[in-house]
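Visitor: Residues per chain are reported as follows:
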Amino acid sequence: MVALLQADAKLPRAERRALGDFDTPRIERHVGVWKPGPGLCFADVLVIEEGKLAGWPPRVETFSFKSRDLSRLNGKALEAQMIEDAREALRKYGEVLDIRRDSLQPLLRQGSEVPVSRVRLIYEGGDLKPTNTNYLDAAVKKVHEKVPGVEVLIQ
Amino acid sequence: MKVLEFYGLKEEDHLWLTFKGAFGSQAALESELEPFLQALEEHADGWMPDVAEGKRQRKYARAAIWKALKEGHDGDSTALGLYRTEWPALDMSLWLWLPPRHPELDIIIKVKPLSFFTEAERCHHFVEMVRAWASRYPVSHAAAHSADDAELAGSPRFGRDMQTSIRDGFDKIYEVCWLNVFGPKLVETVGRERMLSTPAWRVEELPNGCVLLVTWPTAADFASDEARLAQARAHVHLRPDLDFDTVLRTLLERSATLAPVEPRFHPDMAPLLSRVVDRTASHARQRRIAEFNAWQPPEPEEWLPADAALPSDVNDPERAREHYDTLAEHLVALLHTDVPSVFEATPESLTDADFYFWREEFPTSRLREAIDAHAVPAIGAYLGEVLVRNLGGKWIPRQKLEEAQVLVGHRVWLPFVRARHYMRSRQSLLDYSLTQLYRVAERHRG
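Protein chains in written order, with this note's numbering: chain H, 1 to 155; chain R, 1001 to 1446.
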């Protein structure tokens, strides 16, 4: 998945699928981020705007990868699980984050706290995803309505 | 009171219903939902839920439902699960959007197996239930159909990406299901007169302007030629821009994809392939059986004639054998929770391990370095041990693991080489299965 993001970042902006909102995306893995409440957590991937002209604060998006067997959950349990995962992702990697990684501080100039534009919760696909797309999409739709700010994707 | 787990049973086709309807916010929730429950109780013919779940599970009763909805309350929504303790299996959910949002009820029903809906009378009841709901809770679109066929049809995205499909929903008649309720907007896009003149088993205008359309009397035989013909006629009538022959051909192709195929697997591989097939999603299962019927595993090449065996080049063969034993123990340590039979070290243990690695997509889901450094030696050693214990094999230790051999009859086998081939990809797990190497070694035991 990280490799896919890296490939996406290299494309011209108009052709990018995941990172089209960035001018010059910089992809970092396992980034320590701090928030009051959850404290120090590590975002699987954090993407930050590296372009000089993109303004302040730099755009930041985070990605959380989940390897969870969703294939055998009944309808109500599937929805409840995905909503819980999305809320956790938002709580840990969304809203306003204090980015702890030293090498990113030059991009943060006025302080390490930045708002997160979008959190993406990526579930592993294959045999772990629900086999029926109707049930999967019905659950994803509810997550998007219940937890705005988190986008759910299946790998 | 033990619920029959919908996904605990073998996955097979089932009847699927999706229904989203608006309800009023003025009256108490109980009175708003009363017609929903009444129609369910009157028409759920043989598949009536007997368990209601909010956070806890309770025996189905009005009081249990109100409690469950209270337990499931989460800001602007609440959810209720309805299940059965006996066959046929039911997975039903009622999700309610509550004020300040526009109140809406979102029902999903799954009843397994689909063959339960072979009788016209039972299907008629199902239609009457949906008719009662749609008359009371206006919908934009509702549908019931074979879940597998809906999946093959590309529902609910119909070629759109997930985000677009979620945003726009069923905004035109992409597909006609066995049972359909079209809301006023869809009726308008087709034209009310045209929609009401659709050739179908039942077309009825509901008092609130929705149109109920049922293509065929029974749900279970959706794949029959006659039912497909009815489905294609209705679809093309509602979508005059579509070509009848193309629509019908597509439907018949889907029927062919779902038609049962008799398994005729390679005998060595049958125990493993049967399990792979059982694990395959039901809409893809028959196609997979056909592929496996045509597939022959390559003959194992990880062996030498006994007289070409490499002689042992280690100083202390006993210590080398202990090392193989320790490596094999690593596999037991890795697998024993998921595959308890690894303790037995029998040919069946190998098949269980094959299935586990396949199910886990082990070669691609784990770090390659860890696979090469730890899994491959452990699997090779374990395979060698099973040959030793069950076929009277004898280790011929070598300094390099890849050269270590197990003598069985007139052949020496190279289990570590096999393990390396095996762990290359998910397909390699089948092409270079442990199961098959064992079976061939058994036949050449002499």
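Any given hint could turn out to be false.
[Stated by the list, open to error] Footprint (simulated), chain H over chain R, 3 or more residues, beta carbon under 8 Å:
(1) 1005 to 1016
(2) 1030 to 1043
(3) 1367 to 1378
[Claimed, not checked] Here are the simulated distance ranges between beta carbons:
(4) Gln105/H x Ser1274/R: 56 to 62 Å
(5) His1336/R x Gln6/H: 35 to 41 Å
(6) Arg1160/R x Pro38/H: 46 to 52 Å
(7) Glu28/H x Asp1431/R: 34 to 40 Å
(8) Gln6/H x Arg1160/R: 50 to 56 Å
It should be emphasised that the hints constitute simulated quantities derived from the structure, not laboratory data.
We treat Cβ as the ideally placed atom computed from N, Cα and C, and that holds for glycine.
Visitor: All hints are to be evaluated individually against the structure, with a verdict given for each.
Guide: Now the hints, each set against the structure:
1. 1005 to 1016: Since three or more residues must qualify, the claim that chain H covers the region 1005 to 1016 of chain R holds, with 6 doing so at under 8 Å.
2. 1030 to 1043: Contact hint for the region 1030 to 1043 of chain R vs chain H: violated, 0 residues under 8 Å.
3. 1367 to 1378: With 0 residues close enough to chain H, the hint is violated.
4. Gln105/H x Ser1274/R: 56 to 62 Å: holds, 58 Å
5. His1336/R x Gln6/H: 35 to 41 Å: holds, 38 Å
6. Arg1160/R x Pro38/H: 46 to 52 Å: Cβ of Arg1160/R to Cβ of Pro38/H: about 36 Å, so the range 46 to 52 Å is violated.
7. Glu28/H x Asp1431/R: 34 to 40 Å: holds, 39 Å
8. Gln6/H x Arg1160/R: 50 to 56 Å: violated, 27 Å
Checked against the numbered hints above, the structure violates hints 2, 3, 6, 8; every other hint is satisfied.
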